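Read top to bottom, the protein sequences are chains L and F.
Basically my numbering = 1-based index in the first sequence + 1.
Basically my numbering = 1-based index in the second sequence + 1.
Hint data in this document are derived by calculation from the structure and do not stem from the laboratory.
Quantities reported herein were computed from a predicted structural model and do not represent experimental measurements.
Possibly wrong hints are sitting among the right ones.
Because identical chains cannot be distinguished in the list, a pair is counted as satisfied if it fits within a single copy or across any two copies.
Unchecked claim - Calculated pairs, DMTMM-like style, for lysine to aspartate or glutamate (alpha carbon to alpha carbon, straight line, at most 20 Å):
no., residue 1, residue 2
1, LYS277, GLU388
2, LYS313, ASP224
3, LYS84, GLU108
4, LYS79, GLU108
5, LYS24, GLU14
6, LYS139, ASP151
7, LYS270, GLU388
8, LYS376, GLU235
9, LYS277, GLU14
Here is how the chains run, residue by residue.
There are 2 protein chains.
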Amino acid sequence: MKTEPARGFASAEFSARAKLMQKEMARAGWDAVLFTTAADIFYFTGFLTDFFASPTRPWFVVLPARGMPVAVVPEMGKTAMAKRYVGEIRCWNSPRPEDEGVSLLAETLCGFSPQNGAVGMTLGAGTIVRMPQNDIAKLRGLLRPRTIADCSDAVLRARMRKSSAEIQKMRHIAKTTSAAFAGLPEDARGEMRERDITRRFARSLLLRGADSLAYLAAASGADGCESIIMPPGEKRLSEGDMLMIDAGAVFDGYYCDFCRNYRAGDSAKKTINARKAHGVLHYALREGFAAARPGAAAEDLWRAMESAITRKGYGASGAGVRFGHGVGLQLTEPPSLMRGDETVLKPGTVLALEPSLVMESGRAMVREENIAITKTGVEWLSDPAPEEMVSLFLR
Amino acid sequence: MKTEPARGFASAEFSARAKLMQKEMARAGWDAVLFTTAADIFYFTGFLTDFFASPTRPWFVVLPARGMPVAVVPEMGKTAMAKRYVGEIRCWNSPRPEDEGVSLLAETLCGFSPQNGAVGMTLGAGTIVRMPQNDIAKLRGLLRPRTIADCSDAVLRARMRKSSAEIQKMRHIAKTTSAAFAGLPEDARGEMRERDITRRFARSLLLRGADSLAYLAAASGADGCESIIMPPGEKRLSEGDMLMIDAGAVFDGYYCDFCRNYRAGDSAKKTINARKAHGVLHYALREGFAAARPGAAAEDLWRAMESAITRKGYGASGAGVRFGHGVGLQLTEPPSLMRGDETVLKPGTVLALEPSLVMESGRAMVREENIAITKTGVEWLSDPAPEEMVSLFLR
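Looking at chain L on its own, in the form it has when it is part of the complex (with noise of 0.2 Å):
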């Protein structure tokens, strides 16, 4: 196993997101801002857990227009909450069907804002507010007067620019997860079926140092995949099919999110048609590549790609509505590398580079690499996948 990041972040590091944040908020006349969701609230405090798995609990954090979080969050979370960057902690005994947290909550944010005042909550594009809907009108109920405004931009914004300490996360997940597929063809020797080749995927990432797979989607068949987003299945591959894996591997709380394609057996002729096409994506991503650099515009690294499958006389693929998208604490964060996203990249972005063809047989091949928007230009995450599809040699 590599040498590991530190895990968590300087408590300047929060100061900073906060004041940033709390910048924008002065900016926008927010008094306070609501988050909810794992991801919000892991960057504004460092709080990391896999419990929002459990949709019994809501975990609430309130960042003021100054000062550190506050947290209101079921009792049994308090001590772990204590550790992290919250300047208060309020608490309530969950489960408590019929007040969860929502008074306690108001009584939070009507102490930082006026009766005319302001509250934002995440409630735009690529967003949830994480707690039941009944909830949520009674919480608006309560703040009444006060306004709620939407502030998910301004987060989202604000996620998109990736500290070195970030950056350096990621780069161990994409590095780890690509030595992971590198070893693959050793490590599943002898496999046949998706999913027993999935496993050992699995395994030899955590092995090596992921944290968790929490994205994981393959598809097999010859000359392109039917869909890129399903789990691995029972199917047997055959010599000359192709075995499409994507992967969202983290550590620490964050993404990569890449695939690889690989072909079944040497046989290098049942796989023209495939490799012609991963011939093609490879040329797509050097494209992207070469147009990733700060002041660069979302939709220009799309045309980027998308000019290179055409040159080469391919269309795009159904879901080549986009070519990428971010990465970051989820899978997939703004912006969009597709038509009409204008957000101008900035230092400290990573991205998914995503470019996708239709193949002679109307199948779909996707190509997906991590880069990392720098000061000066761009940087791979993941280790490129060769031009050439690496073969898995089969028993």
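Go by the hints and put chain F onto chain L.
Here is chain F on its own, set in the frame of chain L:
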């Protein structure tokens, strides 16, 4: 690897689920019901994907008053959805932030419900509607003057009564996880740090047939845990420490959720308090199990465990507001084993019995097993841990 249960379900099972829900809908006067979460969509259609980890795209399934569910999904999900239990699939090209499926969804819902009709959504405790708040507001506007009704109780009640095919999957993942726990002293031999030990555990789980480990918590120390919901850390175990590992492993969409406590090293003397508490919770589990049968109320099981603990001179821990919960397509589901939850247990309900107590040290100990209510009584799904804490021999 033991023989795995078959993946997915027969069409007849999905048809029965739809019909049962439609009976509830007729009773309540709902013309259509909307599902948005991974768990609900899998339950009613069999569509299973990790892609819900990506917050960019919503997925919708509408159950009309009669007939099969209708999917309203991003174009990229069409091929995969077509293999599932849906009568019709309507698609939009996503991402399309200006109208992320909302108008198509509204059109679909309106097609199934008259203007004076009602549409069911999951609004209540333990549920979310997985789409941005702004889109929910837009949807409500487009559905007007139709009523929006809370269908969460009906949905969660339906999911609470598992079929034998569902129980079979849950038994499989509980047995698989039991075996991984039993093998841990061997599998983790020589490892000293929490995270290295749980990494061995996760690898062993995958090897033994789990699809993933979606929930993992661990804690160690002398005489109890400070918190029982946090991820493993860098801490090195010392002779006499105890180590708690709580695992939510998944097979074909279904969770198990139970924990094990180990003592580090073979010093019986240093762990005397922990071993005593472990024995008390063993007794509490037995009492909870004895109280579990069709017709019993959820709170009866809580009471049986609570009185077992107090009879032995301990107090319930802070987490002891509840002593367990339902398990299924989510890590925690209704009912709650706590005072005031009068849910009557029926055959097919799967529960985590999870009694906890405060040790002399002021820290907590928790034990947990999974059980299923049967027609005539109750069945252990996990292999119950022995009364004596198992030792992890350190190097």
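Checking an output row: LYS139 and ASP151, CA cutoff 20 Å. Within, between, both or neither?
Both, since 18 Å and 14 Å are each at most 20 Å.
Give the relationship of LYS84 and GLU108 under a CA distance limit of 20 Å: within one copy only, between copies only, both, or neither.
neither (24 Å within a copy, 49 Å between copies)
Reference check for the pair LYS313 and ASP224, CA-CA at most 20 Å: within, between, both, or neither?
within (17 Å within a copy, 66 Å between copies)
Measure nothing new, just compare the shortest in-copy and cross-copy C-alpha distances for LYS376 and GLU235 to 20 Å and report within, between, both or neither.
For LYS376 and GLU235, neither the intra-copy (46 Å) nor the inter-copy (33 Å) Cα distance is at most 20 Å.
Up to 20 Å between alpha-carbons, please classify LYS270 paired with GLU388: within, between, both or neither.
within (17 Å within a copy, 62 Å between copies)
How would you classify LYS24 and GLU14 at a CA-CA limit of 20 Å: within, between, both, or neither?
Answer is within; shortest intra-copy Cα gap is 15 Å, inter-copy 54 Å.
I want to check one pair: LYS277 and GLU14. Are their C-alpha atoms no more than 20 Å apart within a copy, between two copies, both, or neither?
Result: close neither inside a copy nor across copies, 46 Å intra and 44 Å inter.
Are the CA atoms of LYS79 and GLU108 at most 20 Å apart within a copy, between copies, both, or neither?
within (18 Å within a copy, 45 Å between copies)
Intra- versus inter-subunit Cα pairing at 20 Å for LYS277 with GLU388
within (10 Å within a copy, 62 Å between copies)
When held up to the earlier numbered hints, the structure conflicts with 3, 8, 9 and fits the remainder.
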